[in-house]
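Chemist: Position chain B against the provided structure of chain A, taking the given hints into account.
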Amino acid sequence: MTSKEGTTMAVAVGAAAIAAGRAMAQTGSAAVDTAFETLKTYDWGSDREALKPIDQAIIASHGDPAARKALEKRLVDALAGGLSRSAQDYVCRKLKVVGTSQSVEALAALLPAQETSHIARYALERISDEKAAEAMRDALPKVSGKLKPGMIGSLGVRRDAKSVKPISGLLGDSDGQIAQTAAQSLGLIGTPAAAKELSAFAKKAPANMKIPVADACLVCAERLLADGERAAALALYRELNSGDQPAHVKVAAMKGMLAATTKQ
Amino acid sequence: MANQNSKPVKDRGTFHGRRAFLKATAASVTFPYLIPASAMGNAGATAPSNRIVMAGIGIGNMGRGDLGSFLGRDDVQYVAVCDVKRDVRDSQANRVNEKYGNKDCKAYRDFREVMVRGDIDAVHCATPDHWHAIIVIEACRNGKDIYCQKPETKTLREGKLMVDAARRYSRVVSGGSQRVLEDYRGIVDACWGGNKGIVKSINVNVGPLPTDCNKAGESVPDGFDWDMWLGPAPWAPYHPHRCSGSYSIDGTSWRSFKDYSGGGMTDWGAHHFGGATFAIDVRELEPEEVIFHNENGRKFATCRYPNGKLLHHNHPGRGNLDVEGTNEAGPVKPVPGYAGTGGIYGDFIDCVKTRSKPFRDIEYAVHTATVCHLFLIAYELERSLKWDTARQQFVNDDEANRLVDVARREPWVI
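If you're matching them up, the sequences are chains A and B in order.
Residues in the first sequence are numbered from 1 upward in steps of one, following UniProt numbering.
Residues in the second sequence are numbered from 1 upward in steps of one, following UniProt numbering.
Extracted from the complex, chain A is given alone in its bound form:
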């Protein structure tokens, strides 16, 4: 496809999408009721357009807390109603945008299951309410296998300082994926407490953890520096600029030290 053909095609399809959006904007509450009814039997292969009234209702309820709360409740109620995986997926995507503490309990119930853990985090990770983090912290010791690094990762992305202790306990996990994600998340959290745990583990890290831990320390140091914790950042950089670290790590640490000593 040439650039010109691509542009022509793209503009044509874009215009069609805008026209479709305009039609959907005219949907009313009856259409929303129908969409929620459709959700009960919605599954892979169902027409996604049938749920568009809910999408539009979410957009329309921006700035209307009462309408938004009612919509959220309908989504939470739907989630408790025995939906297919595809319908659960849809609801969690919507709760990512409109979810509040009101949604947390229903989403937390999905965290331990292999099929729904991620899509529950899909909403919970982005809900700023502290209860969302609390739900994932509570689920952390209850999940195993692949689900555990997912939970660790979401807490890291949120920079959840209360997770430093439970995540630190997983640095030496026999499952390499869990151990690496634990290091990565401590780096993302980037507090002095996280730095202390990373620093202690770095001294005894097995060979396969050297790069992940070094990277976590560098990320942690950058976050400390950005947060004004210059001394803690410098300490991490100094540790990385020594010993048997790979050359690219040492150079990164040296750059960090320079930044830490010149940053106002």
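Hints are supplied without guarantee of correctness; some may be wrong.
[Claimed, not checked] Estimated spans, in silico, between C-beta atoms of each pair:
no.	chain 1	residue 1	chain 2	residue 2	range
1	A	T38	B	N327	29 to 35 angstroms
2	B	K103	A	A109	50 to 56 angstroms
3	B	E284	A	G82	49 to 55 angstroms
4	A	K165	B	G118	31 to 37 angstroms
5	B	E218	A	Q177	25 to 31 angstroms
6	B	K103	A	R230	38 to 44 angstroms
[Stated by the list, open to error] Calculated pairs, DSS-like style, for lysine-lysine (alpha carbon to alpha carbon, straight line, at most 25 angstroms):
no.	chain 1	residue 1	chain 2	residue 2
7	A	K165	A	K196
8	B	K258	A	K40
9	A	K131	A	K73
10	A	K210	A	K165
11	A	K52	A	K40
12	A	K73	A	K52
13	A	K40	B	K215
14	A	K52	B	K333
15	B	K309	B	K200
16	A	K162	A	K142
17	A	K165	A	K142
18	B	K353	B	K386
19	A	K142	A	K131
20	A	K250	B	K353
21	A	K52	B	K258
22	A	K165	A	K131
23	A	K204	A	K250
24	B	K160	A	K250
[Unchecked claim] One-sided excerpt, in silico: chain A residues whose CB lies under 10 angstroms from chain B:
no.	residue
25	H62
26	G81
27	G82
28	R85
29	G99
30	E115
31	L124
32	K146
33	G150
34	K255
For the record, the hints were derived by calculation from the structure and aren't laboratory data.
All C-beta atoms, glycine included, are put in the ideal place defined by N, C-alpha and C.
Modeler: Showing chain B alone in chain A's frame:
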């Protein structure tokens, strides 16, 4: 490949005046960029003949083309290919081995095995978009340079993380839109040559927007690691349209769907917006506002830059790459271009050797992708938004901030 007939003026010194968010990455502004490769952990890694030792990740479709461009160079030694489709990786490994007349090129299913190889200097990545950030960051932390296909990011948050990783480890990280320089050179020359006067705005017509995919499942083809293809994206059943690498954006390829792409807005937008931001000289900036317009149901949007320049999307009555200027004699600046020979691929390889910033440095590529994501979020929420470039957050808009990133499927985290 690049048009080498009109070799552009080199301008490697134009990286001052970055946005504040990059200043937060203090290392990137307090340490010289030009550091010998040997100091970057590459000592002994390059072949005795001074060739760059390379691997390819995601080598179907566009990746196959990228592989061919690198493989055709005398200064590259290809040693590994990686793809989640067995037939793709095996056929491309055979292609490389036939080229060299040996069996040295290994085929991998999992890119992490490629990343830990100490003998590889650089990789190129042409996976679907939802994988780009993870692979670029993993390359950087393993001391490898990387050429990443466009659009480089899938979410706003990914962009800063990728730039941070590149700067942290002093890696050469090139975005993958050759069209930015090669397709829009005429309009770039007009703007940078002062023919448009003081440039006020430019318009880009591109689409469509991405859609949700709810296609019913089918049997996974033999030799296709479906779980790895999905990677950080939400689980979904296999369907050939969900994962087809076709360049169509009509619901029959991954480029159409929100979980893997930003649709035409990012897929073609990476080219068009890349060219537009180059033409009006805002590559070093991010917009601080996206303004959503709905005029009698006709929706379009505008990004406003801190210097007042406007970047429109689908503005009524405006053509693609249509520049609005004062049309008087304007300031003249030399137009930057590729290093080395061989277009954008040669530019990357040359920069790997010299430790220079490539033409499509990841910072510029991310800024282009950021424009695309800002438009996507404004259209999704149907409202105007203010973007705090330093904090990489929307201003006073919790709902919009939830769309800055997505939770990744286990075990993937960035």
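Chemist: Run every hint past the structure and note whether it holds.
Modeler: Here is how each hint holds up against the structure:
1. T38(A) x N327(B): 29 to 35 angstroms: Given a distance of about 55 angstroms, which is not inside 29 to 35 angstroms, the answer is violated.
2. K103(B) x A109(A): 50 to 56 angstroms: Hint holds: Cβ distance 53 angstroms, inside 50 to 56 angstroms.
3. E284(B) x G82(A): 49 to 55 angstroms: holds (53 angstroms)
4. K165(A) x G118(B): 31 to 37 angstroms: Once the Cβ atoms are compared, 35 angstroms apart, the range 31 to 37 angstroms for G118(B) and K165(A) holds.
5. E218(B) x Q177(A): 25 to 31 angstroms: Holds, since E218(B) and Q177(A) (Cβ atoms, about 29 angstroms apart) stay within the stated range.
6. K103(B) x R230(A): 38 to 44 angstroms: Given range 38 to 44 angstroms: violated, Cβ gap about 53 angstroms.
7. K165(A) x K196(A): With a Cα-Cα distance of about 11 angstroms, the restraint between K165(A) and K196(A) holds, given a limit of 25 angstroms.
8. K258(B) x K40(A): Within the cut-off at roughly 23 angstroms; holds.
9. K131(A) x K73(A): holds (17 angstroms)
10. K210(A) x K165(A): Status holds; Cα separation ~21 angstroms.
11. K52(A) x K40(A): holds (15 angstroms)
12. K73(A) x K52(A): holds (18 angstroms)
13. K40(A) x K215(B): holds (17 angstroms)
14. K52(A) x K333(B): The given pair, whose Cα atoms are some 49 angstroms apart, is violated under the 25 angstroms limit.
15. K309(B) x K200(B): holds (5 angstroms)
16. K162(A) x K142(A): Within the cut-off at roughly 17 angstroms; holds.
17. K165(A) x K142(A): With Cα atoms ~16 angstroms apart, K165(A) and K142(A) stay inside 25 angstroms; holds.
18. K353(B) x K386(B): violated (40 angstroms)
19. K142(A) x K131(A): holds (17 angstroms)
20. K250(A) x K353(B): Given that 25 angstroms is the threshold and the Cα spacing comes to 20 angstroms, the pair holds.
21. K52(A) x K258(B): holds (15 angstroms)
22. K165(A) x K131(A): This hinted pair holds, its Cα atoms lying about 18 angstroms apart.
23. K204(A) x K250(A): Judged against 25 angstroms, a Cα distance of about 18 angstroms means the pair holds.
24. K160(B) x K250(A): holds (22 angstroms)
25. H62: Holds. Min distance 7 angstroms.
26. G81: violated (19 angstroms)
27. G82: violated (19 angstroms)
28. R85: Since chain B brings a Cβ to about 8 angstroms from R85(A), closer than 10 angstroms, the hint holds.
29. G99: Result: holds, 9 angstroms to nearest chain B Cβ.
30. E115: It holds, given that the least Cβ distance between E115(A) and chain B is near 7 angstroms, below 10 angstroms.
31. L124: holds (8 angstroms)
32. K146: Check passed: Cβ of K146(A) comes within 5 angstroms of chain B, closer than 10 angstroms.
33. G150: G150(A) check passes; min Cβ-Cβ to chain B is 3 angstroms, inside 10 angstroms.
34. K255: Given a least distance of 4 angstroms, the restraint on K255(A) holds.
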